[in-house]
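Asks: The chain contents come next:
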Amino acid sequence: MDVLAKKSPALLLGNQAITRGALEAGIDVVTTYPGTPASEIADSFSAVAKYLKSQKKDPGFYFQYSVNEKVAVEFAAAASICGLRSLTCMKHVGLNVASDAFLTYMYVGCKAGHIIVTADDPSCHSSQNEQDNRIYSKLAHAPMFEPSDPQEAKDMALEGFTLSEKLKIPLLLRTTTRVSHVRGPVTLNPLKKKKTTKGIFRKNPLLVTVPAVARQLHSVLLEKMDEAAAISEKIPFNYIINHGGTKGIITSGPSYGYVRDVINELHLECKILKLGMTHPLPKKLCKDFLKSCDEVIIVEELEPFIEEQIRAIAYDEDVKIYGKGAGHFSRLYEYTPDIVAHSISEIFHLKHKTSSDSPKVKLPARPPVLCPGCPHRATYYAVKQVVPKDTIFPTDIGCYTLGNAPPLKIADYLLCMGSNVGTACGFSYATEQKVVSFMGDSTFFHSSLPGIVNAVHHNNDCVITVLDNRTTAMTGHQPHPGTSKSGMGENIRMLKIEDVAKGLGIQHIEVVNPTNIEETKKAFIRSLRYKGPSVVVSRAPCILLIVSNKRKHGKNIIPYTINQHKCTQCKICINKFGCPAFFLEGNQVKIDKTLCTSCGVCQQICPSNAIEKEGNHE
Amino acid sequence: MNKTSIVFAGVGGQGILTAANILGKAALEANKKALIAEVHGMAQRGGAVECIINIGDVYSALICNDSADVLVSLEPVEALRQLSKIKKDRLVITDINPVIPPSVSLGIDTYPDLEDVFKEIQEKCRLIKIDALGLAIQSGARIAKNMVLLGALADTGLLPFLPQLLLKTIQKNLPSRYMAISEKAFDSGRVFLKNNNYVE
Ligand code: SF4
Ligand code: SF4
Chain A
0 MDVLAKKSPA LLLGNQAITR GALEAGIDVV TTYPGTPASE IADSFSAVAK
50 YLKSQKKDPG FYFQYSVNEK VAVEFAAAAS ICGLRSLTCM KHVGLNVASD
100 AFLTYMYVGC KAGHIIVTAD DPSCHSSQNE QDNRIYSKLA HAPMFEPSDP
150 QEAKDMALEG FTLSEKLKIP LLLRTTTRVS HVRGPVTLNP LKKKKTTKGI
200 FRKNPLLVTV PAVARQLHSV LLEKMDEAAA ISEKIPFNYI INHGGTKGII
250 TSGPSYGYVR DVINELHLEC KILKLGMTHP LPKKLCKDFL KSCDEVIIVE
300 ELEPFIEEQI RAIAYDEDVK IYGKGAGHFS RLYEYTPDIV AHSISEIFHL
350 KHKTSSDSPK VKLPARPPVL CPGCPHRATY YAVKQVVPKD TIFPTDIGCY
400 TLGNAPPLKI ADYLLCMGSN VGTACGFSYA TEQKVVSFMG DSTFFHSSLP
450 GIVNAVHHNN DCVITVLDNR TTAMTGHQPH PGTSKSGMGE NIRMLKIEDV
500 AKGLGIQHIE VVNPTNIEET KKAFIRSLRY KGPSVVVSRA PCILLIVSNK
550 RKHGKNIIPY TINQHKCTQC KICINKFGCP AFFLEGNQVK IDKTLCTSCG
600 VCQQICPSNA IEKEGNHE
Chain B
0 MNKTSIVFAG VGGQGILTAA NILGKAALEA NKKALIAEVH GMAQRGGAVE
50 CIINIGDVYS ALICNDSADV LVSLEPVEAL RQLSKIKKDR LVITDINPVI
100 PPSVSLGIDT YPDLEDVFKE IQEKCRLIKI DALGLAIQSG ARIAKNMVLL
150 GALADTGLLP FLPQLLLKTI QKNLPSRYMA ISEKAFDSGR VFLKNNNYVE
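So the sequence lines, in the order shown, correspond to chains A and B. End of the first sequence sits at 617 in numbering that gives the first Met the number 0; the numbers just go up one at a time, nothing left out. End of the second sequence sits at 199 in numbering that gives the first Met the number 0; the numbers just go up one at a time, nothing left out.
Quick caveat, the hints were computed from the structure, so don't treat them as lab data. One or more of the hints may lead you astray.
One-sided and incomplete, this derived list gives chain A residues near chain B with beta-carbon spacing under 7 Å [unchecked claim]:
no., residue
1, 23
2, 95
3, 125
4, 165
5, 180
6, 181
7, 183
8, 244
9, 257
10, 336
11, 353
12, 405
13, 573
14, 581
15, 593
In silico DSS-like pairs for lysine-lysine, Cα to Cα no more than 25 Å straight-line [as the list claims (entries may be wrong)]:
no., chain 1, residue 1, chain 2, residue 2
16, A, 352, B, 128
17, A, 49, B, 87
18, B, 2, A, 361
19, B, 167, A, 6
20, B, 31, A, 359
21, B, 87, A, 359
22, A, 6, B, 31
23, B, 123, A, 350
24, B, 32, A, 549
25, B, 183, A, 549
26, A, 361, A, 137
27, B, 123, A, 352
28, A, 551, B, 123
29, B, 86, A, 52
30, A, 352, B, 2
31, B, 183, A, 551
32, B, 118, A, 359
33, B, 2, A, 273
34, B, 118, A, 361
35, A, 554, B, 183
36, B, 128, A, 6
37, B, 32, A, 273
38, A, 361, B, 87
39, B, 123, A, 361
40, B, 87, A, 350
The model shown is predicted, which means the values in this text are computed figures rather than measured ones. For each residue, glycine too, the CB sits at the ideal point set by N, CA and C.
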């Protein structure tokens, strides 16, 4: 297993490097809710725990996939105050969910070190927004590290515990996709061998944030931040590379790597102030750097977080500052070496040419799609057959969001995790249209329960669909409360979605297997007739789980084919159902054998019985 | 400056990450630094995927346009999509078997004529077309296409390590139940390149 490697350096993903750093620090408790680009941090802990347990060894730490990010932070906060080193990881928007706990947690503080990892996603590779979570460090008064590559990710995770313990507050470790999902060499320290231990809770009135206590704690927190600012001046993560000259570049995160490669490429003589601890900033270090330069460029993705502070620090310095302010760099999307090279050469009047991105031949778009054999497609197809034309489909965060693409086009409104239910209630009040909402099984538990209570309490007329594919699929197939295995591989209690819905007061509940199209249609017809909130649990395992299981057991995946004698070219399979394994060759409809996962659902929708299982195996 | 940049392109699910990981590990074995930009999450679901393997004196995993040394693609159109990344006159190796995106079947988009695709690639680079799917099927599994292409890449002389090291890395890192197929596929890629008399 890469994370447990003995031979140094090891090739680790940025996320794995964070796991490694925490293991080297002797981590006690890890909590998470999975989300791209953060998922592999937690998945690596899960894999390590399962592996060591299979070797009859004590992993030395406890790990859990929590129901959501807020609970994950709360669980670990309690562990930390009892003296256990903790780590909580999530994607950027996860911190919104956890923010209520997080902001007051900064007041209360921790005892053993606690690192909260937020993995941001500039360019929205896998996200609904590209918010810059560095701003949370200011809002919450949290010290923050910003690694540039896997090596730094590990070093900062390791060092973060010490700093958090020194200041007695949790530390924010902020990565982006291009740190989390970059693989690179990481120099290893030995793993800290230890037994799983318990802490002890010592009562303290200052842990109860009634107003009088909160007022006191706020000023304590500001004092801690002064201490953090002094540390930031000396910490080795903030440093200057001096290649001479009077031109300077201040940078952080993955932009640092682009800057280094680009100045090599451009043969630029300059100084670099590389910031690894970006909150609080080392004001004196910055000021001295500014004094030594005539011109300074600030290269950071998203918001001008560093830039605005640098401009304030530089207020009475004689130095020209370039960045987002004058429009040389964008606040949008992630940077690339080309973007950095272009802006630096423009500002410093250097030559850099880039060729255009787009080829002459027009290429077909290839956005992500629901997989061939995905059970969500079957549910969506069935729903589309039975709903009125102007039905509103609030959707949610998961693979099933991809139902927005043609031919299904079954996603109309999306805000965040759990928003499908709340917005379904609103649409059912605000219009005379039918409302059918969709969410995944993990999303159901994460943040949809209050929405369902609201729907029941106010009797909103909507069909709430839970697409239960027995896993958290999009982020890499993690378990959730509706499954029966923990992140450590132990058997734990499974909550049945239909039981929970019943407990919340839903009176009309259907449980169907979507791979049976006719039964699924009937279930939705009944639910649409019901006045008030109804829940349909559409349950069939993610096809990727089925395929990998078959492969593991050496079973063949026998593709389906089209009997061209029977096919009438009605193209229902393409134009209404839309499994990506179908394609046209001339006028003939065909199935791509590499893509077909042998789910067999298309057989039910072909009116001419033209779809058959292939006779001879590969 | 001593660096080698490889772009691997294709469609999510074709085993690009596995190939990239093998290249990175082999680079480390050869005492070189390697940074790899991977794609996880939503884009993996059948979307266009590209993965950059940057080996040598490098600080970032991403590269400027016109700076890759070799482009390997598991799908012909995806090779063209990434063409801007590669230096002029360098080498493109691509599988010739299209994967038709649903937008094409639906009539929203058209899949270009492969001759046009290859022609445009050849205007900028040298091109090796390979029936990697066919060779993978002969080796025992369609999903071994990535190993066929790794095999073809191994003998181009463009990598800063020997084919033997790549094979060893495959043997060390891929599951044993596929090893016979992987080795066969890798070998068929190497043989293809030799038979086509390609030398850098
Ligand atoms: S639905 Fe059946 S008959 Fe119609 S095009 Fe598809 S395979 Fe042919
Ligand atoms: S059986 Fe039909 S619906 Fe299922 S994956 Fe194959 S082509 Fe697609």
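Asks: Indicate, hint by hint, whether the structure satisfies it.
Replies: Hint-by-hint comparison with the structure:
1. Taken as an interface hint, residue 23 of chain A does not check out: its beta carbon lies about 19 Å from the nearest beta carbon of chain B, beyond 7 Å.
2. Here the hint on residue 95 of chain A is broken, as its CB sits about 18 Å from the closest CB of chain B, past 7 Å.
3. For residue 125 of chain A, the interface hint holds, since its Cβ comes within 7 Å of a Cβ in chain B; the closest pair sits about 3 Å apart.
4. Against a cut-off of 7 Å between C-beta atoms, the interface hint on residue 165 of chain A is violated, since the closest Cβ of chain B lies about 30 Å away.
5. For residue 180 of chain A, the shortest C-beta to C-beta distance to chain B is roughly 5 Å, which falls under 7 Å, so the interface hint holds.
6. Given hint, residue 181 of chain A at the interface with chain B, holds; its Cβ is 4 Å from that chain's nearest Cβ, closer than 7 Å.
7. Here the hint on residue 183 of chain A is kept, as its CB sits about 5 Å from the closest CB of chain B, short of 7 Å.
8. Contact between residue 244 of chain A and chain B, as hinted, is not supported at the beta carbon level, the nearest pair being about 19 Å apart and thus beyond 7 Å.
9. Among the interface hints, the one on residue 257 of chain A holds; its C-beta lies about 5 Å from the nearest C-beta in chain B, closer than the 7 Å criterion.
10. Interface restraint check: residue 336 of chain A against chain B, minimum CB-CB distance 5 Å, threshold 7 Å, status holds.
11. Annotation: interface hint on residue 353 of chain A holds; nearest CB of chain B at approximately 5 Å, less than 7 Å.
12. This hint holds: residue 405 of chain A has a C-beta 6 Å from the nearest C-beta of chain B, less than the 7 Å allowed.
13. Against a cut-off of 7 Å between C-beta atoms, the interface hint on residue 573 of chain A holds, since the closest Cβ of chain B lies about 5 Å away.
14. Using the Cβ-Cβ criterion of 7 Å, the hint placing residue 581 of chain A at the interface with chain B is satisfied: the shortest such distance is roughly 6 Å.
15. Because the beta carbon of residue 593 of chain A sits about 5 Å from the nearest beta carbon in chain B, less than 7 Å, this interface hint is met.
16. Simply put, residue 352 of chain A and residue 128 of chain B have alpha-carbon atoms about 30 Å apart, too far for the 25 Å limit, and the pair is violated.
17. Between residue 49 of chain A and residue 87 of chain B the alpha-carbon distance is near 48 Å, which puts this suggested pair outside the 25 Å criterion.
18. Restraint check: the Cα-Cα separation between residue 2 of chain B and residue 361 of chain A comes to about 32 Å, which exceeds 25 Å; the hinted pair is violated.
19. The suggested pairing of residue 167 of chain B with residue 6 of chain A holds, with an alpha-carbon distance near 17 Å, which does not exceed 25 Å.
20. Distance check on the hinted pair: residue 31 of chain B and residue 359 of chain A sit about 37 Å apart at the alpha-carbon level, beyond 25 Å; violated.
21. Note on residue 87 of chain B and residue 359 of chain A: the hinted pairing holds, with a Cα-Cα distance of about 16 Å set against a maximum of 25 Å.
22. Under the criterion of a C-alpha separation no larger than 25 Å, the hint pairing residue 6 of chain A with residue 31 of chain B is consistent with the structure, at around 15 Å.
23. A distance of roughly 22 Å separates the Cα atoms of residue 123 of chain B and residue 350 of chain A; the hinted pair therefore holds under the 25 Å criterion.
24. Taking the CA atoms of residue 32 of chain B and residue 549 of chain A, the gap is near 37 Å; set against the 25 Å cutoff, the hint is violated.
25. Between residue 183 of chain B and residue 549 of chain A the CA atoms are separated by roughly 22 Å; this keeps the pair inside 25 Å, and the hint holds.
26. Proximity of residue 361 of chain A to residue 137 of chain A is assessed by CA-CA distance (about 46 Å); at most 25 Å being required, the pair is judged violated.
27. Restraint check for residue 123 of chain B and residue 352 of chain A: satisfied, since their Cα atoms lie roughly 17 Å apart, inside the 25 Å limit.
28. Under the criterion of a C-alpha separation no larger than 25 Å, the hint pairing residue 551 of chain A with residue 123 of chain B is inconsistent with the structure, at around 43 Å.
29. Between residue 86 of chain B and residue 52 of chain A the alpha-carbon distance is near 49 Å, which puts this suggested pair outside the 25 Å criterion.
30. Simply put, residue 352 of chain A and residue 2 of chain B have alpha-carbon atoms about 20 Å apart, close enough for the 25 Å limit, and the pair holds.
31. Note on residue 183 of chain B and residue 551 of chain A: the hinted pairing holds, with a Cα-Cα distance of about 20 Å set against a maximum of 25 Å.
32. Simply put, residue 118 of chain B and residue 359 of chain A have alpha-carbon atoms about 11 Å apart, close enough for the 25 Å limit, and the pair holds.
33. Distance restraint check for residue 2 of chain B and residue 273 of chain A: the Cα-Cα separation of roughly 23 Å lies within the 25 Å cut-off, and the hinted pair is therefore satisfied.
34. Taken as a hint, the residue 118 of chain B and residue 361 of chain A pair is honoured in the structure, with Cα atoms around 13 Å apart against an allowance of 25 Å.
35. A distance of roughly 20 Å separates the Cα atoms of residue 554 of chain A and residue 183 of chain B; the hinted pair therefore holds under the 25 Å criterion.
36. Proposed proximity of residue 128 of chain B and residue 6 of chain A is contradicted: the alpha carbons are some 38 Å apart, above 25 Å.
37. Taken as a hint, the residue 32 of chain B and residue 273 of chain A pair is honoured in the structure, with Cα atoms around 21 Å apart against an allowance of 25 Å.
38. Between residue 361 of chain A and residue 87 of chain B the CA atoms are separated by roughly 21 Å; this keeps the pair inside 25 Å, and the hint holds.
39. Note on residue 123 of chain B and residue 361 of chain A: the hinted pairing holds, with a Cα-Cα distance of about 17 Å set against a maximum of 25 Å.
40. Annotation: proposed proximity of residue 87 of chain B to residue 350 of chain A holds, straight-line Cα distance about 19 Å (limit 25 Å).
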